[in-house]
Structure formats: structure tokens, C-alpha cells
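Single-letter residue listing:
Protein chains: 4
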Amino acid sequence: MSSKSFYALIAGVGPGTGRSVALRFAQKYPVVLLARRPESYESTLADVEKAGGKAIGVSADVADAASLKKAFETINEKLPGSQLAAAIYNVGSGGFARKPFLELTEKDLNASIDGSIRAFFHFAQAAIPQLLESVPNSHYPPTLILTGATASIKGSALFSTFAAGKWGQRAIHQSLAREFGPKGVHVAHAVIDGVIDIPRTKEWAANDGAEDGKISPDAIAEAYWHLHTQHRSAFTQEIDIRPYIEKW
Amino acid sequence: MSSKSFYALIAGVGPGTGRSVALRFAQKYPVVLLARRPESYESTLADVEKAGGKAIGVSADVADAASLKKAFETINEKLPGSQLAAAIYNVGSGGFARKPFLELTEKDLNASIDGSIRAFFHFAQAAIPQLLESVPNSHYPPTLILTGATASIKGSALFSTFAAGKWGQRAIHQSLAREFGPKGVHVAHAVIDGVIDIPRTKEWAANDGAEDGKISPDAIAEAYWHLHTQHRSAFTQEIDIRPYIEKW
Amino acid sequence: MSSKSFYALIAGVGPGTGRSVALRFAQKYPVVLLARRPESYESTLADVEKAGGKAIGVSADVADAASLKKAFETINEKLPGSQLAAAIYNVGSGGFARKPFLELTEKDLNASIDGSIRAFFHFAQAAIPQLLESVPNSHYPPTLILTGATASIKGSALFSTFAAGKWGQRAIHQSLAREFGPKGVHVAHAVIDGVIDIPRTKEWAANDGAEDGKISPDAIAEAYWHLHTQHRSAFTQEIDIRPYIEKW
Amino acid sequence: MSSKSFYALIAGVGPGTGRSVALRFAQKYPVVLLARRPESYESTLADVEKAGGKAIGVSADVADAASLKKAFETINEKLPGSQLAAAIYNVGSGGFARKPFLELTEKDLNASIDGSIRAFFHFAQAAIPQLLESVPNSHYPPTLILTGATASIKGSALFSTFAAGKWGQRAIHQSLAREFGPKGVHVAHAVIDGVIDIPRTKEWAANDGAEDGKISPDAIAEAYWHLHTQHRSAFTQEIDIRPYIEKW
Chain A
1 MSSKSFYALI AGVGPGTGRS VALRFAQKYP VVLLARRPES YESTLADVEK AGGKAIGVSA
61 DVADAASLKK AFETINEKLP GSQLAAAIYN VGSGGFARKP FLELTEKDLN ASIDGSIRAF
121 FHFAQAAIPQ LLESVPNSHY PPTLILTGAT ASIKGSALFS TFAAGKWGQR AIHQSLAREF
181 GPKGVHVAHA VIDGVIDIPR TKEWAANDGA EDGKISPDAI AEAYWHLHTQ HRSAFTQEID
241 IRPYIEKW
Chain B
1 MSSKSFYALI AGVGPGTGRS VALRFAQKYP VVLLARRPES YESTLADVEK AGGKAIGVSA
61 DVADAASLKK AFETINEKLP GSQLAAAIYN VGSGGFARKP FLELTEKDLN ASIDGSIRAF
121 FHFAQAAIPQ LLESVPNSHY PPTLILTGAT ASIKGSALFS TFAAGKWGQR AIHQSLAREF
181 GPKGVHVAHA VIDGVIDIPR TKEWAANDGA EDGKISPDAI AEAYWHLHTQ HRSAFTQEID
241 IRPYIEKW
Chain C
1 MSSKSFYALI AGVGPGTGRS VALRFAQKYP VVLLARRPES YESTLADVEK AGGKAIGVSA
61 DVADAASLKK AFETINEKLP GSQLAAAIYN VGSGGFARKP FLELTEKDLN ASIDGSIRAF
121 FHFAQAAIPQ LLESVPNSHY PPTLILTGAT ASIKGSALFS TFAAGKWGQR AIHQSLAREF
181 GPKGVHVAHA VIDGVIDIPR TKEWAANDGA EDGKISPDAI AEAYWHLHTQ HRSAFTQEID
241 IRPYIEKW
Chain D
1 MSSKSFYALI AGVGPGTGRS VALRFAQKYP VVLLARRPES YESTLADVEK AGGKAIGVSA
61 DVADAASLKK AFETINEKLP GSQLAAAIYN VGSGGFARKP FLELTEKDLN ASIDGSIRAF
121 FHFAQAAIPQ LLESVPNSHY PPTLILTGAT ASIKGSALFS TFAAGKWGQR AIHQSLAREF
181 GPKGVHVAHA VIDGVIDIPR TKEWAANDGA EDGKISPDAI AEAYWHLHTQ HRSAFTQEID
241 IRPYIEKW
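Protein chains in written order, with my numbering: chain A, 1 to 248; chain B, 1 to 248; chain C, 1 to 248; chain D, 1 to 248.
Bound conformation, chain A alone (with noise of 0.2 Å):
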């Protein structure tokens, strides 16, 4: 039960809620960055390590079942013998798009679906036998955690293929949670309803600028770990995080 030999998985982990979930995770576990291309990995990788933690880089396209399972080779070869005991699907939308319904193309269509449904499909059938490999040993429940949105739970207008990813990619976790839930393993959603303060979004007035009126990715991170730790009684399927001051 030691928990030496367990490790957590992010994929997604560009310089926001990835690279905070990174941190935190690492405080427990040796932690494997999953992206396409290592440039996206690299500096979350680093700050990691200064933080005292373990981090290992893997390039990989999560829409692309071959790539997942070498990927998961690669994390063999480098952690033998070590366990998954968390996975983090964080991956940011390529799909996203607000546009009049009317001009929105079937291209636009495709980067919701591959990106949030198609992907997260692929991620998820890959991570969940190693997931239920894990139960009889880890110390957590084993956890597979979705970062959605708003556009997860509401279809606003102007936002119909973005939505579309998102329904979709929330629809294969709530049947996952109720498919693997009673095999022992934990599988959470966050509604994330709010704008991430993230390097990206630096200059958007979230808010009207209010103090805090972007979401945390450390709070973002305390959140998933705190699901994480969860006792098997009592599993959270999904939680919304937004700020005090955001409408709702």
C-alpha cells in the first residue's frame, strides 16, 4: 500500500489549471505531463522539480488510441512497476467557438467533437484499465477527474458546437461514473463556471475586474485533490467552482 509506487497522470498541462493540478498531485506522487508537444509540458515540468516533486514529460495525442497506449508503455518504461492512481483529463477545448449558428462551419463542428468528446473517449478507455488495476492497492480510491465549463451544462446561444463537445464529453462521464463507481473507481467532474486566471486570460475583465473574480488554478487543484482523497462512501460525481462574485 505503499504509495511509492503509484502515480498520477495530466493531460493538459499548459501554464493554468494543468500546471497547478501538476503541483498538487506532486506533493503526493510522481506525476507524468501528458502533451502533444513537449514545448507544452516543459515549464510545468520544471517548476515541478523545483518544487521537490517527480515529473515526467510524455508526447502524446489523447484524441489518438495508438499514441495513448505507446504513451502508456513510455510511462512503464519510465515508472516500472508504479500504479495510476489518479487521472486528470484537463485538456483545453481546441473546439471552442462563439459564432452565429448560421456561420459556423462542420470544421468547427469537428474541433468540439474530436477535441472534447473523441478525446476524452479515447483518454478515458485507456486510463480506466489501469484505474481498476489500481483498486485493490491504492490508498485512494482511484480517480479519473474531467475539467468542464459552463458550456458544460448550458447550451447558450452562439456557443452550439462548443456545447455540443462539452454535453457530450460530460454524457460519457456521468455513464462512466455509474459504470466504474461500483468497481471502486472514482470518477468526478468539475463544472469549472467561471474564467481561469491563467497567463492567457491576464488582460480579460472577468468580473468587472473584481479582486478574485478569476477562478484560481491552485483552488482548482485543491478541489481535485480533495476529490481525489474522497472515501469510497462518500464520492463526489461533480462539483461547480466558481468565483464569489460571478453570476450564476
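In short, the hints are calculated from the structure, not lab data.
Possibly wrong hints are sitting among the right ones.
Stated by the list, open to error - Dumping the calculated DSS-like pairs for lysine-lysine here, alpha-carbon to alpha-carbon at most 27 Å: (1) Lys54/D <-> Lys107/D; (2) Lys70/D <-> Lys247/B; (3) Lys202/C <-> Lys183/C; (4) Lys247/D <-> Lys154/A; (5) Lys202/B <-> Lys247/B; (6) Lys154/A <-> Lys183/D; (7) Lys28/A <-> Lys54/D; (8) Lys69/A <-> Lys99/B; (9) Lys247/D <-> Lys107/C; (10) Lys78/B <-> Lys50/B; (11) Lys183/D <-> Lys107/C; (12) Lys70/D <-> Lys54/D; (13) Lys78/B <-> Lys154/B; (14) Lys154/B <-> Lys107/B; (15) Lys247/B <-> Lys99/D; (16) Lys28/A <-> Lys183/A; (17) Lys183/A <-> Lys247/D; (18) Lys107/B <-> Lys69/A; (19) Lys107/A <-> Lys183/B; (20) Lys107/A <-> Lys107/B; (21) Lys69/C <-> Lys202/B; (22) Lys70/B <-> Lys99/A; (23) Lys154/C <-> Lys154/B.
Said to hold, decoys possible - Output of the computed footprint for chain D on chain C, the stretches with three or more beta carbons under 8 Å from beta carbons of chain D: (24) 100-106; (25) 158-172.
Virtual Cβ for every residue (Gly too), placed ideally from N, Cα, C.
Fit chains B, C and D to the supplied structure of chain A, relying on the hints for placement.
For chains B, C and D alone, coordinates are given in the frame of chain A:
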């Protein structure tokens, strides 16, 4: 404002809900029956004509933008000067699958995505411009109705890909309702929460075989007609429909 | 099965939705108008009769079991042998309050509890036995319809006590739908999400004064009639109703 | 900003969730245990002290504004200068009833209304001014947590009055979250969807007697502590908590 110059379009016209909807709307409008192959609409065509209505069958692939474009050209030739009063999207999902998640293939996922999300996306992109054109002249607000299912609102275990398609479809619908309602188009969704009483389900013992334990497709058609005739100050965006005896 | 021996009962019959519902149901049934004071039902009574329908006014306090019991005795005297086809609960909430939470008093809370929860509880306890008796004979499934509001599904800031009453009422409704649906009684709830166009709201500028920006009470009545006439294999439990232009 | 001058208040402190919450919050704050009779809090008081924490018992009727006012005076005497960091409303509903609707009495209805809606209303009116005062000084955002149940979100057959109280309570909670969140108070609701593993439920065979098939009250307490410590840029307004094996 004469109703003579309007027609209703129904996609998905096999011997079930589509047929009942065609018969109901044919009491007021010529109905255009859309299906990939003539075999799918021929019997409904005959039934509408036997009932004294006017029906036209058009072969088209609703998941293909070019095919839909051609279908509307055909309609304009066959019903010159006629405008679209109502478009009913009732396409049976090719994406149905009831399987453990780890046994699902990318083919299962694509069947649901293509059948539920992509096809409705293209159908809506083709139909909405026509519906918008009808706004100033039509007696009832031009209407786009989408047939949904229990899986449109619930991600049950073993239904992950199917639910992903249905949720995605509903997300698009909700976004369209918010974008086009204010422009005068009524976009409505029906959650059909039970087994429909059609030839294909004859042997199914829904609700322990109770009388009226399966949903009458004529009753669904009546509800759709009500939705179509609602005043624009009183649009219903979503209804649930289930047998009196259904557990929910 | 003759419709001559059935009547509809409407509680809340001022010059708005109640009046429209009375007029709509009076096209088929004698209607009984329930109000605390005759002044509340007299003008609707006259309108129904002018339209060629039959209406009876009965004074009763819907929040008081004894008063309701007496009302049903009066009805049985005035309409001997007649059975209840539909009961519409449309009582305007005495419990409306828009106030900061810390300024609300127990009186505000009680007004909402008594007006929304207690009164509907008693009305339902009085009406349901009558509706159950009608099941074997009535042409349409006996129906109990509850008029709800935006506050029935959303707890907005400054509406805490009002929402508590409306949510509580909807909880009872949902429980009744599950208990009495299988017994053949159709229990339905309408979420009226907008300003109704009635004398009292004449000066309100809903939706920036847009044409048809307020809900036509006749359109609500039409929706209720549709609910009442639904086949028991296809009950709708809840509909939303809002102007095409309403934000939601 | 020293935590020494803050306390946590827990209403509903029998040998279940309340006890666990008291023990968890006592790791950081002195805890005040509120109950109608000293017998209800005495064993928890002893447990907290045994664990090295500080606890104070105060007798009060949470459904009575005057009694609550007096309770806060007592608290101020016993903990002079101390401010309210967190108020947890965990009062077991006196309003539980599982009965056919037509067998329910006004007494059943009142028990649910008084126990769930009225009592939480008064508790919140007494606690919120204290929480607002703590906003500028407290380390964690001052927090009001409400313990809910399955019946808070579902009106099941035979639970009409119980659900009415729970829904009403949740409506107030949601309204408070929207009003006081922007003022810095974290208002959160937990939907406890399962049987809690406490002395009273020892003989209940939840989830077919599966191991960990009942919710650990300590795990609930851990979730509440996480809610309390959330950064104000990342408030969770509602969580669900259920055993891994629960059907939902």
C-alpha cells in the same frame, strides 16, 4: 398568410413516430418526407395520401450538407413558392449501443456522433434559413422540433457513446432555441422517456406489459402539433413524454 | 363516457390565466370557479356565460381543508352526478416578496409557505380522490395542473422565501405525479417563465416592451388544454412556457 | 487574522454527521454545539474534548428566532471577541414521512415545513450577520453549509411533504448563495444521497450490505472542511455525496 403556401418537413419517417407526425401535420400542410432510401418513406407516403393529405418523398442523407442542399432544391421544384412551416427531426439514431465502456469501439462512437450530432447539425443548418424566411408570413411560428430520448438527459451505465450523441444534439438544440427564438423561430425538444409503440417494439414488454405501457406515436404527433401551434409569447422549449406507468 | 357528466375546477380565477383557462375548458365542460370572495370570480363567470359556456362560482379558502370539503359538497349539489375531469391550481401566490434576506420576516415566510405549499397541499388532498374516481369513466385522463413560475426552479437572490414556497409546491407536484400517474391521474406542472399579459401587468415593460414580450394567458390555457387531452401513454409532467424573446 | 479568535457553530450534533463535523472543525476552531437539549450534544462535547479540541454546548431551538438570539448572546459571553468562521446546519428533519399522499396530515406537513424550511430560515437569519462580520478578518471565507438529502432534489412517490421541506430549504440556500456570495460568504449545500453510517442506521442493509455501502460521517466532515477552506475565487455551491456503489 394562406396556409396553402406552406409545407412541413419530416426527417425520419419510418413506420413509427415519423409516420404519425406526417399524418398529423398533413391535416394542415403538404408534408415532405425525407429519408435516405425511398423504401423508408414509401409506406408513410401512401398512408398520408390515403388519409387525404399530400405527401412528397425526397431521398437525402441528413448527415450530408450537399445532399440536404439538393433536397431543398428538389422541394422547391416540387412545391414552387411554398415555404417551410415546420421541420421535424425524428431520425432514429444509428448510434444506439448498450455495451460496457471498454468494449465500445471508435465505430460505436462515430455512429452516435454522426447519427445524432452531425446529422442534426446539418439538418438545422439547412432548415433554419428556410424557417427564418417563413417568420413574416406563417400563421404559426415556424418550428424546429427535435425528438430526444431518456439518453438525452441521463448518462446511464453502458450507454456512454449513445448518451454522448444525444446530449450533444440537445446542447445544439438548446443553443438554437436561445439564438433563433428571439428571431421568431420556435425550437423545441421532446424527451421521449419510454418505449414507443411501433412495429419494431411489438414484442418488447415495456412496463411489464401494462396496457398503454408504450407510448402511442399518435400522441407524440399530437404533442408536436401543439408545440407547432403555440403562440410566440408562449413557447415551450422542452417537454417530457412518458407513459403514465413509467418509472422515472 | 359522455362529457356531460364531467366538470373542470379552477382555483385562482382572477382576470388573467384563470379566466383564460376557464374559458378554454368551458368549451368542453361546465367550469367551477373557486375563489375566497365572489368578487374574484364574478367577472370570469360572466365571461364564460357570455361565451356560451356554463360556470359556477364557489367561495372557498383553498388553504383550509374544511372549507374545501364544503366547496366540494356545494359542487355536488349544484352539479349532481358530475365528476371531476380536471383541477387547475392557479392561485396567485400571496407569498411574493423581493427583499434582501435579512429584511424578510416570519410573516413573509409564512405567506409563501401558506400560499404556495399549504394551499396546494390541501387543494390536492381534496381534488385527488375526486380525480381517482373519474379514472374509469372520463374520456381524457383526469388531470391536476399546477401553475408554477421561474421561482419554482431557480432560487434567485432576494427571492428566498418566495422560491421556498414555489420549490416546495413543485416538490409535492413531482411526488404526486409519481404516485398518481400509475393510477391514471395526469399530474402536470407548468413553469411560467415570464410576465403574463394581464390587466395587473399592463404597465410593466417586459422584454423592453417588445411585441408579444408578455405571455398571452390564452396561450397558457391552450397549453393546459393540450396537457389535459394527452393520452395516458404520453403524459407530459412538466412544460416551460416563455416568450420567444425572453432571456433564459 | 489569527484563527484563535474564530469559532465554528454546528446545529444538529447527535452521534452522526454532526459529531464528525464537530471533531473535524475542532482541529482548527473551538466548536459550539447547538441542540434543543443538552443530552443531544453532551457525548459529542466529550468526544471533542477527548480529542484535544474545545467545545461548548448551547441549548437552543433553531426554529425559534428568540431562542437563537439568546444562543448567540451566550456564545459571545463564553467566547468573548470570537467571530463566526463557519456555521453548519445539519439538523435532522423532524419532518420525515413516507406515506401515501392521501394519508398525510397537516401535522406531517407542518413537521417538514417547520423542521426544514422555518428552522433553516431562522438559523440563517441569525448566522449570516455574524458571518458577514467575519469577512474582513477570517482566514478562510466565512461559510454556511447546509446538509441536504436525496429528497432535496427529487420528489419521490410517498415523500411529498418531506420533499417539500427539503426543496424549500434548498431554494433558500440557493438564493442565499447568490445574495451573500458576492459579499464574501460561502454558502454551500451538500446533497447526501445515501444512508449515513451512524448508530441509528446500524441495522439498515443499505446497498445490499456491501462494505462501505453507507456513507462515512467522517468523510462528510472532510468534504465540509474542504468547502470551508475553498478560496473565494473558487466556491463550490453544491456537491453530491454518495457511496461508490449507490444507484443513482
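A quick look at each hint next to the structure:
Between the alpha carbons of Lys54/D and Lys107/D the distance comes to roughly 39 Å, so the proposed pair goes past 27 Å and is violated. Straight-line distance between C-alpha atoms of Lys70/D and Lys247/B comes to about 48 Å, which puts the hinted pair past the 27 Å bound. A C-alpha spacing of about 42 Å is found between Lys202/C and Lys183/C, which places the hinted pair above 27 Å, so the restraint is violated. Restraint check for Lys247/D and Lys154/A: satisfied, since their Cα atoms lie roughly 25 Å apart, inside the 27 Å limit.
Distance hint between Lys202/B and Lys247/B is fulfilled; the C-alpha atoms sit about 20 Å from each other, no more than 27 Å. For a cut-off of 27 Å, the pair hint linking Lys154/A to Lys183/D stands: about 26 Å separates their Cα positions. Restraint check: the Cα-Cα separation between Lys28/A and Lys54/D comes to about 31 Å, which exceeds 27 Å; the hinted pair is violated. For the hint linking Lys69/A to Lys99/B, the alpha-carbon distance of about 22 Å falls within 27 Å, and the restraint holds.
For the proposed pair Lys247/D and Lys107/C, the alpha carbon gap of about 41 Å is over 27 Å, so the pair is violated. Proposed proximity of Lys78/B and Lys50/B is supported: the alpha carbons are some 20 Å apart, at most 27 Å. For a cut-off of 27 Å, the pair hint linking Lys183/D to Lys107/C stands: about 26 Å separates their Cα positions. With a C-alpha separation of about 21 Å, the suggested pair Lys70/D and Lys54/D falls inside the 27 Å cut-off, and the hint holds.
Between Lys78/B and Lys154/B the alpha-carbon distance is near 41 Å, which puts this suggested pair outside the 27 Å criterion. Between Lys154/B and Lys107/B the alpha-carbon distance is near 22 Å, which keeps this suggested pair within the 27 Å criterion. Pair hint Lys247/B plus Lys99/D holds up; C-alpha atoms about 18 Å apart against a cutoff of 27 Å. This hinted pair checks out: Lys28/A and Lys183/A have alpha carbons roughly 24 Å apart, not beyond 27 Å.
Of the supplied pair hints, the one linking Lys183/A and Lys247/D holds, its CA atoms being roughly 13 Å apart against a limit of 27 Å. For the hint pairing Lys107/B with Lys69/A, the CA-to-CA distance comes to about 18 Å; that is within 27 Å, so the pair holds. As the CA atoms of Lys107/A and Lys183/B are separated by approximately 26 Å, the hinted pair is consistent with the 27 Å bound. For the hint linking Lys107/A to Lys107/B, the alpha-carbon distance of about 20 Å falls within 27 Å, and the restraint holds.
Under the criterion of a C-alpha separation no larger than 27 Å, the hint pairing Lys69/C with Lys202/B is inconsistent with the structure, at around 46 Å. Of the pairs offered as hints, the one joining Lys70/B and Lys99/A holds, with about 25 Å between alpha carbons and a cut-off of 27 Å not exceeded. With a C-alpha separation of about 21 Å, the suggested pairing of Lys154/C with Lys154/B holds against the 27 Å cut-off. Judged by the Cβ-Cβ criterion of 8 Å, the region 100-106 of chain C is covered by chain D as claimed, because 5 of its residues qualify and three suffice.
Residues of the region 158-172 of chain C lying with their CB closer than 8 Å to a CB of chain D number 14, which satisfies the three-residue condition for coverage.
Consistency note: the structure conflicts with the earlier hints numbered 1, 2, 3, 7, 9, 13 and 21.
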